[in-house]
Every structure is written in structure tokens, then in C-alpha cells.
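Trainee: Here is what each chain is made of, one letter per residue.
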Amino acid sequence: MNYMPGTASLIEDIDKKHLVLLRDGRTLIGFLRSIDQFANLVLHQTVERIHVGKKYGDIPRGIFVVRGENVVLLGEIDLEKESDTPLQQVSIEEILEEQRVEQQTRLEAEKLKVQALKDRGLSLPRADTLDEY
Amino acid sequence: MFRYESLEDCPLDEDEDAFQGLGEEDEEIDQFNDDTFGSGAVDDDWQEAHERLAELEEKLPAAVNEQTGNGERDEMDLLGDHEENLAERLSKMVIENELEDPAIMTAVQTRPVLQPQPGSLNSSIWDGSEVLRRIRGPLLAQEMPAVSVLEYALPQRTPQAPEDDRDLSERALPRRSTSPVIGSPPVRAVPIGTPPKQMAVPSFNQQILCPKPVHVRPPMPPRYPAPYGERMSPNQLCSVPNSSLLGHPFPPSVPPVLSPLQRAQLLGGAQLQPGRMSPSQFARVPGFVGSPLAAAMNPKLLQGRVGQMLPPAPGFRAFFSAPPPATPPPPQQHPPGPGPHLQNLRSQAPMFRPDTTHLHPQHRRLLHQRQQQNRNQHRNLNGAGDRGSHRSSHHDHLRKDPYANLMLQREKDWVSKIQMMQLQSTDPYLDDFYYQNYFEKLEKLSAAEEVQGDGPKKERTKLITPQVAKLEHTYKPVQFEGSLGKLTVSSVNNPRKMIDAVVTSRSEDDETKEKQVRDKRRKTLVIIEKTYSLLLDVEDYERRYLLSLEEERPALMEERKHKICSMYDNLRGKLPGQERPSDDHFVQIMCIRKGKRMVARILPFLSTEQAADILMTTARSLPFLIKKDAQDEVLPCLLSPFSLLVYHLPSVTVTSLLQQLMNLPQSAAAPAPSNPHLTAVLQNKFGLSLLLVVLSRGEDLQSSDPAAESTQNNQWTEVMFTATQELLRIPQAALAKPLSIPTNLVSLFSRYVDRQKLNLLETKLQLVQGIR
Numbered sequence: 001m002n003y004m005p006g007t008a009s010l011i012e013d014i015d016k017k018h019l020v021l022l023r024d025g026r027t028l029i030g031f032l033r034s035i036d037q038f039a040n041l042v043l044h045q046t047v048e049r050i051h052v053g054k055k056y057g058d059i060p061r062g063i064f065v066v067r068g069e070n071v072v073l074l075g076e077i078d079l080e081k082e083s084d085t086p087l088q089q090v091s092i093e094e095i096l097e098e099q100r101v102e103q104q105t106r107l108e109a110e111k112l113k114v115q116a117l118k119d120r121g122l123s124l125p126r127a128d129t130l131d132e133y
Numbered sequence: 001m002f003r004y005e006s007l008e009d010c011p012l013d014e015d016e017d018a019f020q021g022l023g024e025e026d027e028e029i030d031q032f033n034d035d036t037f038g039s040g041a042v043d044d045d046w047q048e049a050h051e052r053l054a055e056l057e058e059k060l061p062a063a064v065n066e067q068t069g070n071g072e073r074d075e076m077d078l079l080g081d082h083e084e085n086l087a088e089r090l091s092k093m094v095i096e097n098e099l100e101d102p103a104i105m106t107a108v109q110t111r112p113v114l115q116p117q118p119g120s121l122n123s124s125i126w127d128g129s130e131v132l133r134r135i136r137g138p139l140l141a142q143e144m145p146a147v148s149v150l151e152y153a154l155p156q157r158t159p160q161a162p163e164d165d166r167d168l169s170e171r172a173l174p175r176r177s178t179s180p181v182i183g184s185p186p187v188r189a190v191p192i193g194t195p196p197k198q199m200a201v202p203s204f205n206q207q208i209l210c211p212k213p214v215h216v217r218p219p220m221p222p223r224y225p226a227p228y229g230e231r232m233s234p235n236q237l238c239s240v241p242n243s244s245l246l247g248h249p250f251p252p253s254v255p256p257v258l259s260p261l262q263r264a265q266l267l268g269g270a271q272l273q274p275g276r277m278s279p280s281q282f283a284r285v286p287g288f289v290g291s292p293l294a295a296a297m298n299p300k301l302l303q304g305r306v307g308q309m310l311p312p313a314p315g316f317r318a319f320f321s322a323p324p325p326a327t328p329p330p331p332q333q334h335p336p337g338p339g340p341h342l343q344n345l346r347s348q349a350p351m352f353r354p355d356t357t358h359l360h361p362q363h364r365r366l367l368h369q370r371q372q373q374n375r376n377q378h379r380n381l382n383g384a385g386d387r388g389s390h391r392s393s394h395h396d397h398l399r400k401d402p403y404a405n406l407m408l409q410r411e412k413d414w415v416s417k418i419q420m421m422q423l424q425s426t427d428p429y430l431d432d433f434y435y436q437n438y439f440e441k442l443e444k445l446s447a448a449e450e451v452q453g454d455g456p457k458k459e460r461t462k463l464i465t466p467q468v469a470k471l472e473h474t475y476k477p478v479q480f481e482g483s484l485g486k487l488t489v490s491s492v493n494n495p496r497k498m499i500d501a502v503v504t505s506r507s508e509d510d511e512t513k514e515k516q517v518r519d520k521r522r523k524t525l526v527i528i529e530k531t532y533s534l535l536l537d538v539e540d541y542e543r544r545y546l547l548s549l550e551e552e553r554p555a556l557m558e559e560r561k562h563k564i565c566s567m568y569d570n571l572r573g574k575l576p577g578q579e580r581p582s583d584d585h586f587v588q589i590m591c592i593r594k595g596k597r598m599v600a601r602i603l604p605f606l607s608t609e610q611a612a613d614i615l616m617t618t619a620r621s622l623p624f625l626i627k628k629d630a631q632d633e634v635l636p637c638l639l640s641p642f643s644l645l646v647y648h649l650p651s652v653t654v655t656s657l658l659q660q661l662m663n664l665p666q667s668a669a670a671p672a673p674s675n676p677h678l679t680a681v682l683q684n685k686f687g688l689s690l691l692l693v694v695l696s697r698g699e700d701l702q703s704s705d706p707a708a709e710s711t712q713n714n715q716w717t718e719v720m721f722t723a724t725q726e727l728l729r730i731p732q733a734a735l736a737k738p739l740s741i742p743t744n745l746v747s748l749f750s751r752y753v754d755r756q757k758l759n760l761l762e763t764k765l766q767l768v769q770g771i772r
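Respectively, the protein sequence lines represent chains A and B. In terms of full-length UniProt numbering, the first sequence has 21 at position 21, counting the first letter as 1, and numbering is strictly consecutive. In terms of full-length UniProt numbering, the second sequence has 635 at position 635, counting the first letter as 1, and numbering is strictly consecutive.
Among the hints, a few may not be true.
[As the list claims (entries may be wrong)] Part of the chain B face toward chain A, derived, beta carbon under 7 Å:
id, residue
1, W46
2, A404
3, V415
4, I418
5, M421
6, I592
7, R593
Since the hints were derived computationally from the structure, they do not count as laboratory data. Note that this is a predicted model, so its numbers are computed, not measured. Don't be surprised by glycine CBs; every beta carbon is placed ideally from N, CA and C.
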């Protein structure tokens, strides 16, 4: 039964499996057990899923209580289609390793870029020192 | 840790004990844990006590079918030396249970307990409460009838028929609410954050610690949870204020010596444990597993709901009397039992919570309907109803999901209510403009469709937001009684000046050019914003007019006029001298995209003179504007209001307008070799279109009014001649493609040029329909 037609409410999503994307970039998958008016979430049997390329790894986390303001988006997972993915699941260690490698390559590329700019006398402005209009 | 000797001591007593034990110690150490530093550590070895307990419980599984005598004795041992009160109570308790079922009592102790971490407080708390529970459970139900639901995150339920359908919101609110208007989640007797009763079943532990990503069914094969809807969450079980056992065998004089925490733990402990199953489950599970669970359930049942108690109990007994039953009774047998009782209950229970009265009546109706629908739904599910594959698979999951419905219906309603309250608005059109508009449009569409087609009316559920009357609140500052003089309290309505900030306007000299430009642009932006607000208000007047009363209407009109004037002043720049000093102000506005759009929207509201003035200014500065518009390309939006305006202009104005547009020299003296103004105009879509519109209008005037004043005519003819000359000069390639080409231009030009040139003009301006 639609609690509030024409609005978005999490009440109908309770007890269903959800994928939650957080502001810090983490992806959580768990059963939504409880909500409140701030969209704070209680996730049950939560798993943190790390994606690197075509692989992913799951870290079981248990129960999560997420403060609403940190949620970017969340969506229900269709349990029937859940396994229907081209991605390959790997072990936790492997995915963490992959993530570390990816992070490293990104940092190195960034460093090269900054160095190249410096050589040319330019500098990328830092976000916190940007002038206002 | 609770020492069993002093079970019934309240914490105060314990402190005394500590004092005695630590007489000579420092004051500091007195605050330390009695068990670590005090007599507890010296006299009592909790590890030993625990081992005793553990041994006990290992023994008991083997003794399931033993008589209660054993259980009694064990229990006595557990408690160690206790006071007589306790003994009395115990014996009474045992007697009470004996009435129900001897096997149950022993079975309760069968529950294996998690190995406690050394030194942890939790284990002992829970251990203690286990024992206490059996004593205190029914007591507490009687003693604290008004305490609301104790929340426990226990997954299991008892097979208490579709009680969870019955909306707990229909119960009276808990005494203490956090908000005066809406209900709050029930008061927690257990402090928030206390872990739930430990999971007894090891398999469950594993599940918790390492859950698999997909939903894992509890790995107990014989587990058949009751169908969805039959099961009541543990929370709900506890919430029954009135128990059929109020006529309690225990004398009410038994002093409640426990602290609220202990009490809560007891009640919590008296809750179902995960190892319990519904009778339907139990029915299929032979002997050992079944009885402890049922036994554990029974004290729960003792506290259970009105009307629900008795039917299941005999059912239980039936199960017990034939353990293990060869053919397990199907789970569906269960609901018919408590069904009629529940029906009675429901009809008696008040349908609406008192605090829902503040909801819109239609919303309340919706809520009620929803509740009924839910009940119907669940009733259907209890039977063999199949409501479609998707639904059934979903309910399938819910059925097998032992953690479902942790969030009570009441809590869902609470959240829902808060969300509805947030939608309350005194002026929904103002606060929620897009939503309102969208739904109006939808409704109009559906109404239109309905009129056309005779299909069945699609019931579109509409959110009915609570309507709140606008209340005038006058702020009255806080006054203190008995104070000398008036004390000022700074609040949001009465702010106090905190910082002595002085506004200094910058002098023009010491600023750089860039800053000046920037400031000017900023000022223009501010003016645009202000004028836009005025515009929105003015556009809204129509609606307000319709909604207003007769008396208010003249005032509304006045306001509207006033606002239109202000808009115009803003556009043209205030402080008009005899003549508008400069177009600069207006041009600045027109350089900004939003400004152009705004002017297009304002034009219909202006009087003809004012609008003509605007148009002239635009024409004068058109090349400049065209240059500035290169990136935005918003000028064409002005074409339609300008066209509308032009068709109302008198001849004189049109003539001068044309002159301005083409920057034709006033006198027909030697024409300039090049006319960059005109070139620019012609090369721009908007410019060319506007020019054509003006020409067309001129033609209209000429053709429609042959007896017009000769001076005007002459002027027009002169201008036309010059215009045609200019047009002929311009190479075709430079021309833009106009937005629309008026049809009467051919006849226009035919007056002033001969055939040859006419053809030229035609091709150049693509005036003939065929050429595109």
C-alpha cells in the first residue's frame, strides 16, 4: 500500500535488499531494516562491496547504521537479477590489492600531471583557494 | 556483575556491600568495580559461578523429560543462598508453571549460553537475567502495565496469529512522548544501545559474524517459520499492556527491588529467543528442539495478549501431549484459532490513535483504509492465496526472513506522520509550486482524456497533504517574574547585535577597473533579481485575483500597477531626468541572459509607450547587444513580444523605429559608404527578423490606411527608399536567416522599387515562398 502517493518514501523499502552508495564512495549492500525521518538507515547483513575494474569483492560488515546525510543514493536490489552480472567476484584480499594498485597508479598519474604543469609554470588551483566570482 | 547471593538487592544495597568490603580502602577505589577491587573479587568467583551454570545447562539437555523437581532443585542451586522471599516466589512460580506443563520448566534452562568473555559485564548481566526472568517475568507484566514496548532486536516471533496487522498505533500513546503532537518511538526501559539477548543458537552466531552477501536463510533445516503475518515481532509481544494473567497468582506485595535496567533485562530475557519457533515449526521438529522452544515460549505466552493466550496454549498442549507428532498439523491450523478472538479484539480496539487527529481527515481515512488492506492481504497470505509471482516471491522472502518487521507498523506510521507534517503548508502554491503544478497538469490531462474516451476512470492515488490554517504569531519577549527591570533575552525572534560591523562603501578611486566592472555587473545582477521577483508577483496576480474577495480586489489591482511601474523603473534606471539620460542601464541588463529573458516576460505587462520606449532603446543599441549575445543567443526570445508590440504601434513610431534599426541617416544626404549598424542587424537572426516585422507593419499601415496623414506618409516613403537602397547594397551571403518572414513584404517593396530591383530584393531576402 502506497503510504504517500506522489512522494518518495523509504517505508516501502523496508526489509528489502538495497544497495547504498555513501558520500565517501563506499558501496554497501544490505537489508534495510529501519529508517527515520532523516533517512538514517539501519542495514542488516551488510556487505561492503569494492569494485575495481570488472572485479568486485565483498567484505561482510554486519549491521550498519548510516546517517542520512551521508547517503548519495540507494536502490533496491532485485534478488532474482542479482546474480546476473558480468562482474567477477574475487576474494577480499585480492580486491583490496587491486584497489591499492589502482590508487597508486592514480596518484602517480596525478603527480606527473602536477609536475608537468609546474615545469610549464602553471599550477592547478586548489579547491579551497579558488577565488569567488 | 550480579552476584547471585544478592540477586534481589537493588544497586543501593550493592554499594553498601562494597563499602563494607572496602572499609579501609581509598575513596577512589570505592568507585571501582566491586567485583574487581572489592568483595566481589575476593569472595566471589564469577568464573566458578558461571561454570556452575554452564555445567548445569549441559546436564539439562539430557534431562528434558525429567520432572520439574529436578528443575526446581537446579534452580535453587543456581540462586545459591537466597532470601526467603525469593524462595517463596520461586516455588510459586514453579507451581504456576506446573499447571501448564512440567516439561516446560526444565526446558527453559536448556538454552545454551554463549561463552562470556572474561571480565565482561555483559555475560553476567544476561546470565542473571535469564534466571531472573523466570521469576520476574509474569510479575513484571503485572507491575508495569503501562510501560510501552521494549524494543529488542530479536528476530524470532511467536506464532501469535496476524496480530502484527493490528496496528499498534491504535493503542494509547506511551505516557512520555518526546513531542507533544506526534507520538514517538516508545520509551525504552533498556537504554538505547544495549545489545539484544544473546543469540543462543550457534548457527545464528555464525550468521551474524560472517553474513553472506545474499540473504541467508537460517541454516536450520527443520525451521519452518510461520507464514507471514502470523508472526508477531518480539517487540509487539511485549507491548501488551493487559494480560489475561493480571489475575496473577503472585501477590502484588512482592516488592520490585530491581532497578529499571534489570527489570528491562528481565522482560527482555523473557522475550522469545532466537531458538524458539512457532508452534507450527515446532510441530515438525521432534522432541528436543521443540520442547525447549515451546517451553521458552510459554512464559512469554503467560504475558501474552488478550484473547491470544488461550487458543495457542491448548494448541501447545496438544503438541506436547503427543511429542513428536507424526503428522505435523499444518501451520494454517493456527490462525483459525486465534482468529475469532482477534476479530473481537480488533473490533473493540479504538480505530484511531488520539494523536492522528491532527492529520487531515482524508489522510486519516487513507491510513485506515491502508490498515484494512494490510489485514486483508495478510489474511489472504495465511491461506493459499497466490497474488502473482512477484508478490509471492517477495512475501516468500518475507516469510522466510526471520528479521523482517523489526520496524513496527507503528514506527512506520510515525515516520510517515513526520513526513506528512513536513508537508504541511499554509500556502501550498507558494511552498510547493512545482509539485502542485505538476499534479494539476496531470489531473487536467486525465480529465481531458476522460472526456474524450469513455474508459474507466483511473484511480490515481493523490497525496493529500494536511491543511494548516495560517496562524498569526505575535512575538512576545520573555518576561521574568520578580526581576528588577526588563531583562533582555536574545532569541531567534529577538536577536541581539553581536558584532559591531560598520558598512563602509568603497570609494571609486582606489579600485581597479576590473573591480569596477565586476561591481557594476554585480549591481546589475541584483537589479535583475529584484525585478524578477516583482515580475513573478505580477504574474501571480491573476490567480490571487480569482482567489480573493471582492473588497480586496481593488487593492490588488493597485499593488499590481505599482509593481509594474517599479519594474519599468528598474529596467530603465531610476532617477529619470527630463529624458532618459542613458540607455546604459538598460543595455547592461540586456547584456545578461537572464535580463533578456526577463524583459521578454515583462513586455506584455507594460503600457504601449513604455514598451515602445524599450523597443527603441533596444533598436538603438542593437549591434552592441548582438555582439554581446553571440554566446547566449537568447535575443530571438524577444522577437515574439516585440512583434506583438510592433503591431500595435502607430505609424510615426514605426517610422522612427525603422530609422533606428537601420541606422539610417536622418537626412537623405550622402549615404555612408558602409553601414555597419545595418550590417550587424542584418547578419543577426533576431535583427533581420525584427526588421522584417517592422517593415511588414509599415506595409500594413500603408495599405490599410490610404487616407493617412501625408507627413507620415512622406516620412515613411523616404525611409523606405533609403531602406531599400541599403538592402540592395548588402551582399546576400551576409544575410542571416530570419525566424519568420512576413508575407506582405513583396507588396511593400513593389511600391518603392522597380521590377528589376524587386526581383533582386526578392531573391536576396528570399521573400518568395518557393525560394528557401
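Trainee: With chain A as the partner, please determine if W46(B) meets the hint condition of a C-beta pair closer than 7 Å.
Mentor: The hint is violated - W46(B) has no Cβ within 7 Å of chain A, the shortest such distance being about 28 Å.
Trainee: Per the CB criterion, is R593(B) less than 7 Å away from chain A?
Mentor: Hint on R593(B): violated, closest Cβ of chain A at ~15 Å, above 7 Å.
Trainee: May I ask you to test the interface hint for A404(B) with respect to chain A, counting a Cβ-Cβ separation under 7 Å as satisfied?
Mentor: Holds - the Cβ of A404(B) comes within 7 Å of chain A, reaching about 5 Å at its closest.
Trainee: Checking hints one by one. Is M421(B) an interface residue toward chain A, by the C-beta closer than 7 Å rule?
Mentor: violated, 9 Å
Trainee: Can we keep the I592(B) interface hint, with Cβ of chain A closer than 7 Å?
Mentor: violated, 13 Å
Trainee: With a cut-off of 7 Å, does the beta carbon of V415(B) approach a beta carbon of chain A closely enough for the hint to hold?
Mentor: holds, 6 Å
Trainee: Using 7 Å as the Cβ threshold, decide whether I418(B) counts as touching chain A.
Mentor: holds, 4 Å
Of the hints listed earlier, those the structure fails to meet are numbers 1, 5, 6, 7, in rising order.
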